[in-house]
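**Student:** Sequence:
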Amino acid sequence: KWTQISSLRILKIGLIDFHVYKAILSACPNLYYLQLKMFQSYLKLSHIQTHSNLKKLEIYSEISDWHYNDQLIDIFLGCVSNLEQLSIYRSISISKLVDLIPDYDWLASIIAIRLPLLRYFILCLHLEYHLEFIEFISTETRRQLRKFFLNAHKNRYQSRFIIK
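Numbered per my numbering, the sequence shown finishes at 527, counting up by one with no gaps.
Please keep in mind that the hints were generated in silico from the structure rather than gathered at the bench.
Treat the hints with caution; some may be incorrect.
[Stated by the list, open to error] Taking lysine-lysine pairs in the DSSO-like style, the calculated list, with each CA pair at most 30 Å apart, reads:
| no. | residue 1 | residue 2 |
| --- | --- | --- |
| 1 | Lys459 | Lys510 |
| 2 | Lys527 | Lys459 |
| 3 | Lys400 | Lys418 |
| 4 | Lys400 | Lys459 |
| 5 | Lys517 | Lys419 |
| 6 | Lys400 | Lys419 |
| 7 | Lys400 | Lys527 |
[As the list claims (entries may be wrong)] What follows is a list of derived Cβ distance ranges for each label pair:
| no. | residue 1 | residue 2 | range |
| --- | --- | --- | --- |
| 8 | Lys517 | Gln367 | 16 to 22 Å |
| 9 | Ile368 | Ile526 | 33 to 39 Å |
| 10 | Gly377 | His410 | 24 to 30 Å |
| 11 | Arg482 | Arg506 | 24 to 30 Å |
| 12 | Lys400 | Tyr483 | 19 to 25 Å |
| 13 | Arg523 | Asp428 | 21 to 27 Å |
| 14 | Ile526 | Ala386 | 31 to 37 Å |
| 15 | Ile526 | Ser370 | 36 to 42 Å |
| 16 | His489 | Ile376 | 18 to 24 Å |
| 17 | Lys400 | Thr366 | 20 to 26 Å |
Predicted model, so just to flag it, every value in this text is computed and none were measured.
Just so you know, even glycine gets a beta-carbon here, dropped at the ideal spot from N, CA and C.
Input sequences plus hints: build the corresponding full structure.
**Tutor:** So, in structure tokens, the structure goes:
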């Protein structure tokens with residue numbers, strides 16, 4: 364059982380699933396900044412009450428299935444509509460990147476629905492590669508990825524795309 368901690372404003376925590384996330388938001392009504400590492404959990408999740416004070420959220424994810432990961436991010440963002448700053452750190456294998464580039468919307472549709480007050484969005488992409496793919500991520504590919512990302516977010520808020 365969680366105890367309410369109304370004085371907690373900043374929390375940095377390790378691996379959590381949606382149920383722990385829900386408990387944290389319920390127990391910390393004045394939480395302003397939350398940093399977490401999300402892991403794969405079931406998508407059959409219960410409704411969560413809106414948390415109006417959370418303004419800054421950092422999500423670290425190593426989930427390789429981006430479609431599934433986007434669904435989880437959508438659920439996590441569904442209860443923090445007053446969020447002003449969002450940072451997401453993700454990993455992807457370079458071999459999967461080719462399939463992703465043409466059709467991926469870079470979370471723009473989720474953000475448009477879930478975060479009307481968002482002012483700043485950072486997406487940091489950590490590329491995982493084998494030696495045979497080192498040449499693949501050329502300057503042109505990086506430029507193309509940035510272009511797709513920026514086009515998806517169309518100056519609705521400040522956005523930054525980082526490739527590592």
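**Student:** Compare the structure with the hints numbered earlier in the document and write down the numbers of the violated ones, lowest to highest.
**Tutor:** 8
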